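Listed below, chain by chain, are the residues.
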Amino acid sequence: MSKKISSTNQPKEETNLKGTLIMVMIVGIVILVMWFGAYGLFLSR
Amino acid sequence: MELFNFSKKESRLYMAFMHVTFISLLIGGLMGLLQTLVRSGKYTLPFNIDYYTILTTHGVILGLVLTTFFIVGFQFSLMGKTVGISDKQLLWGWISFWVMLVGTVLSAWMILTGEASVLYTFYTPLRAHPIFYIGLTLVIVGSWIAAFTNFRQLYVWKKAHKGEKSPLLAFMVVINMIMWFVATLGVAYSVIVLILPWSLGYVATVNVLLTRTLFWYFGHPLVYFWLLPAYMAWYAIIPKIIGGKLFSDSLARLAFILLLMFSIPVGFHHQLTEPGIDPTWKFIQVVLTFMVVIPSLMTAFSLFATFEIAGRRKGYKSLFGWFKKLPWKDVRFLAPFVGMVAFIPGGAGGIINASHQVNSLVHNTIWITGHFHLTVATTVILTFFGIAYWLIPHLTGRRLTPRLNKLGIIQTLIWAIGMTIMSTSMHIQGLIGGPRRSAFSEYAGGDQVSTWISYQMWQAVGGIILFVGILLMFYIFIQLAFFAPRGYEEYPIAEEEIDAEKSPKILENWYLWIGITIALILFAYTIPMIDIIKHSPPGSIPFDWPIGRS
Amino acid sequence: MHLHKYEKVWLVFGLASLVLFLLIIGFAAFWKGTHPQSHIETIDPQNVEANESFQPENLGLTEVADGKYVVNIVASAFNYDFGKEEDGTATKTIRVPKGSTVLFQVTSKDVVHGFQVAGTNVNMMVEPGHISRFESVMKNGGEFTVVCNEYCGIGHHLMFGTVEVY
Ligand code: HEM
Ligand SMILES: [Cu+2]
Ligand SMILES: [Cu+2]
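Chains as they are written, first to last, in numbering that gives the first Met the number 0: chain A, 0 to 44; chain B, 0 to 549; chain C, 0 to 165.
Quick caveat, the hints were computed from the structure, so don't treat them as lab data. All of these numbers come straight from a predicted model, not from anything done at the bench. Watch out, some of these pointers could steer you wrong.
Keeping only pairs whose Cα atoms sit at most 20 Å apart, straight-line, the calculated PhoX-like set for lysine-lysine is [said to hold, decoys possible]:
| hint | chain 1 | residue 1 | chain 2 | residue 2 |
| --- | --- | --- | --- | --- |
| 1 | B | Lys244 | A | Lys17 |
| 2 | C | Lys97 | A | Lys17 |
| 3 | C | Lys138 | C | Lys97 |
| 4 | B | Lys157 | B | Lys244 |
| 5 | B | Lys239 | B | Lys324 |
| 6 | B | Lys323 | B | Lys244 |
| 7 | A | Lys17 | B | Lys323 |
| 8 | B | Lys501 | B | Lys244 |
| 9 | B | Lys313 | B | Lys328 |
| 10 | C | Lys97 | C | Lys67 |
| 11 | B | Lys244 | B | Lys324 |
| 12 | B | Lys324 | B | Lys313 |
| 13 | B | Lys157 | B | Lys87 |
| 14 | B | Lys87 | B | Lys164 |
| 15 | C | Lys83 | C | Lys108 |
| 16 | A | Lys17 | B | Lys313 |
| 17 | C | Lys83 | C | Lys31 |
| 18 | B | Lys323 | B | Lys313 |
| 19 | A | Lys17 | B | Lys316 |
| 20 | B | Lys501 | C | Lys4 |
| 21 | C | Lys4 | A | Lys17 |
| 22 | B | Lys324 | A | Lys17 |
| 23 | B | Lys405 | B | Lys324 |
| 24 | B | Lys501 | B | Lys164 |
Reference listing, derived: stretches of chain C covered by chain B, where coverage requires no fewer than 3 residues with Cβ under 8 Å from a Cβ of chain B [said to hold, decoys possible]:
| hint | stretch |
| --- | --- |
| 25 | 1-14 |
| 26 | 23-35 |
| 27 | 39-52 |
| 28 | 105-118 |
| 29 | 123-137 |
| 30 | 143-157 |
Just so you know, even glycine gets a beta-carbon here, dropped at the ideal spot from N, CA and C.
One chain only, chain A, in its complex shape (with noise of 0.2 Å):
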């Protein structure tokens, strides 16, 4: 199956998707903040 995909489907130039991985970068960065802030509170009780 691989084989067929690499001859008749070959991958066309991959899409742009810069703002896509600008955005869930942002998601990951939310979830940082969140779980470091968190943490940090736990251990300062």
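We have chain A already, so just place chains B and C with the ligands on it with the hints.
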């Protein structure tokens, strides 16, 4: 893609579920408003009504009834649209509806007469009236009938379409119903075998920790049972509304399979601060809980990518041009979109809750309530509203007029504002220790308590705004159901790209996925369950007086 | 199944974050011993006095070593029994010096309760038949409200106490 048209008879079934949903919303919303008012300290309930009667009503009607009715009805419509429904299956649909409704009425009767102020978690050894438990059992049994009807629908379609992959939405519905069935087995066992005989007095004592563990074996998948229909709309319906295509059929299926496998063996993350459970097993379930984050990370990417690709196809070249041009004025998009945004802090908060010892920072504080008003009462509910805006008129042969669309947008904004105020103040109050599930109290007084109360004032402000939102939503529902102009409203289902990659066959290997699901459950629960049963203390006799029963 | 290269970047980033969180809490739990409350010891809820810690004269605060304290508490709807003061009235406030190590031991005579010293990491479920136990260093001074944070009946919000760290 072949889509079925709904017959009148069929639409009537799906609408029946919607009527119960929106009546529940109104009743439950009123209770929510009263809770925030009581907790502000400026208001006392009339007629000697007890706060916890109201809170039980709110939790049961919104958390269990509204969600289950909407989901079963919406999923029936998805199956009807993508694989069709036979007359016999339709009849089973009605049976499931009536069984669930009778169960709801029985439980509601007990709650409203003060015989079941045990909250929606009904932890033993508080004892509600036996009819309350019978009602809950019927709701579950009714949903099982729906589940098996859905399985049958896909099976019949598959037999007629040998070798074809099942429609994506039908696949997703079946995943959700398999998860629901496996999960509810736990709570059904707890209610029918352990609690009901004890509540009737046939058995003297009950094993408290065992009933709690069985409840949470069900309780976490319960929240995924709410979330998955929202994901169905995000993956397979929203792309159509914004004029795009499915991002990836196979990644969507993979995400759902991962959700099935990892949303059940994780219930201990609700029991992290309990005695009687080995901390190593708690930690193992914490690790499994973190696994279930992965499909949600995949979902976040898919959604943004769907938006970006659709925008770029329309010719928006700049980095975020596609974002600005999303159909912000279409409530069918806006409401679910606000739901997605709420899931960012909601999901991040969930990771904190599940972080083993860090859980003691937030456990049973009002932070938790703030958390699930973001996840279920915003993410899930706004997506359900977003679905209702087109589903209801599609079923009643009416149209979502520009005016109703506009009211919907206002509704979404009201909800966003009210929930931001209420949920944020709950999160903060929780971090400084304010407890959940509590009527107004000044405790021993002091600075700490007066700070809590100031946040409870803000929650009342948010609660009032939210209740206005509920009234508006109910008005829109009535309009769409009975008064909007006749016409045709589309049932939006996204198509695949023409040159989409073929989905691997293995994604439909049900034996494999169900097998892994069961194996994970056995791994995560067998040993700790044996421990709990082997090391169980003397059982607990029932307690009626603490909840005001004589 | 084809993954976009940015999706790979995102998933690697996400997974790495999750693994990092797990390493931090796993290290704290298994090497530093900061598990959440998980004491596995049972008791007869109808006869809690059978356990020495919960005999009436042993309730409340006891200094067991220099800077080390034990607090024994019996929870019941809707009260925490912290023992008695010298004048015979029920103790409502526990006073410990800042920096002391305090072991809280709680059990329930009836239904499920919570026990949280709000504003600290002392937060545990209290279940009939089980003993809940959690040791904490009281790092921060102040008055902390003890609240029952699990619903135990219509007087649930009237169940409280105070811990004063001076
Ligand atoms: C008008 C909108 C709403 C308001 C003002 C509101 C308010 C509240 C408040 C103040 C509490 C906590 C009470 C306490 O812990 O003492 C609560 C609990 C809860 N709410 Fe809401 N809520 C609203 C909508 C919703 C919706 C739409 C859902 C679900 C779909 C929901 C589900 C729940 C659940 C499950 C609980 C937990 C009950 C318990 O702890 O036993 N709420 N709500
Ligand atoms: Cu959970
Ligand atoms: Cu309580």
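Cross-check of the supplied hints:
Between B:Lys244 and A:Lys17 the CA atoms are separated by roughly 18 Å; this keeps the pair inside 20 Å, and the hint holds. Restraint check: the Cα-Cα separation between C:Lys97 and A:Lys17 comes to about 53 Å, which exceeds 20 Å; the hinted pair is violated. For the proposed pair C:Lys138 and C:Lys97, the alpha carbon gap of about 6 Å is at most 20 Å, so the pair holds. Annotation: proposed proximity of B:Lys157 to B:Lys244 is violated, straight-line Cα distance about 24 Å (limit 20 Å).
At roughly 15 Å between alpha-carbon atoms, B:Lys239 and B:Lys324 fall within 20 Å of each other, so this suggested pair holds. Straight-line distance between C-alpha atoms of B:Lys323 and B:Lys244 comes to about 19 Å, which keeps the hinted pair within the 20 Å bound. Restraint check for A:Lys17 and B:Lys323: satisfied, since their Cα atoms lie roughly 15 Å apart, inside the 20 Å limit. Simply put, B:Lys501 and B:Lys244 have alpha-carbon atoms about 15 Å apart, close enough for the 20 Å limit, and the pair holds.
Using a Cα cut-off of 20 Å, the hinted pair B:Lys313 and B:Lys328 holds, with the two alpha carbons roughly 17 Å apart. Restraint check for C:Lys97 and C:Lys67: the C-alpha separation of about 11 Å stays at or below 20 Å, so the hint holds. For a cut-off of 20 Å, the pair hint linking B:Lys244 to B:Lys324 stands: about 16 Å separates their Cα positions. Annotation: proposed proximity of B:Lys324 to B:Lys313 holds, straight-line Cα distance about 9 Å (limit 20 Å).
At roughly 18 Å between alpha-carbon atoms, B:Lys157 and B:Lys87 fall within 20 Å of each other, so this suggested pair holds. Proximity of B:Lys87 to B:Lys164 is assessed by CA-CA distance (about 24 Å); at most 20 Å being required, the pair is judged violated. Restraint check for C:Lys83 and C:Lys108: the C-alpha separation of about 18 Å stays at or below 20 Å, so the hint holds. For the hint linking A:Lys17 to B:Lys313, the alpha-carbon distance of about 16 Å falls within 20 Å, and the restraint holds.
Proposed proximity of C:Lys83 and C:Lys31 is contradicted: the alpha carbons are some 35 Å apart, above 20 Å. The suggested pairing of B:Lys323 with B:Lys313 holds, with an alpha-carbon distance near 12 Å, which does not exceed 20 Å. Taking the CA atoms of A:Lys17 and B:Lys316, the gap is about 11 Å. The hint holds against a cut of 20 Å. Annotation: proposed proximity of B:Lys501 to C:Lys4 holds, straight-line Cα distance about 19 Å (limit 20 Å).
In summary, the hint linking C:Lys4 to A:Lys17 is supported, as the alpha carbons are separated by about 11 Å, within the 20 Å threshold. Distance check on the hinted pair: B:Lys324 and A:Lys17 sit about 16 Å apart at the alpha-carbon level, within 20 Å; holds. Distance hint between B:Lys405 and B:Lys324 is fulfilled; the C-alpha atoms sit about 18 Å from each other, no more than 20 Å. For the given pair, B:Lys501 sits about 10 Å from B:Lys164 by alpha-carbon distance, which is consistent with the 20 Å threshold.
Counting residues of the stretch 1-14 of chain C whose beta carbon lies closer than 8 Å to any beta carbon of chain B gives 9, which reaches the threshold of three, so the coverage claim holds. Under a criterion of three residues with beta carbons nearer than 8 Å to beta carbons of chain B, the stated coverage of the stretch 23-35 of chain C is upheld, 8 such residues being counted. With 7 residues having a Cβ less than 8 Å from any Cβ of chain B, the stretch 39-52 of chain C passes the three-residue criterion, so the hint holds. Counting residues of the stretch 105-118 of chain C whose CB lies closer than 8 Å to any CB of chain B gives 7, which reaches the minimum of 3, so the coverage claim holds.
Only when three residues or more bring their CB closer than 8 Å to a CB of chain B does the claim for the stretch 123-137 of chain C stand; here the count is 10, and the claim holds. Residue count for the stretch 143-157 of chain C with a Cβ under 8 Å from a Cβ of chain B: 14. That meets the three needed, and the coverage hint holds.
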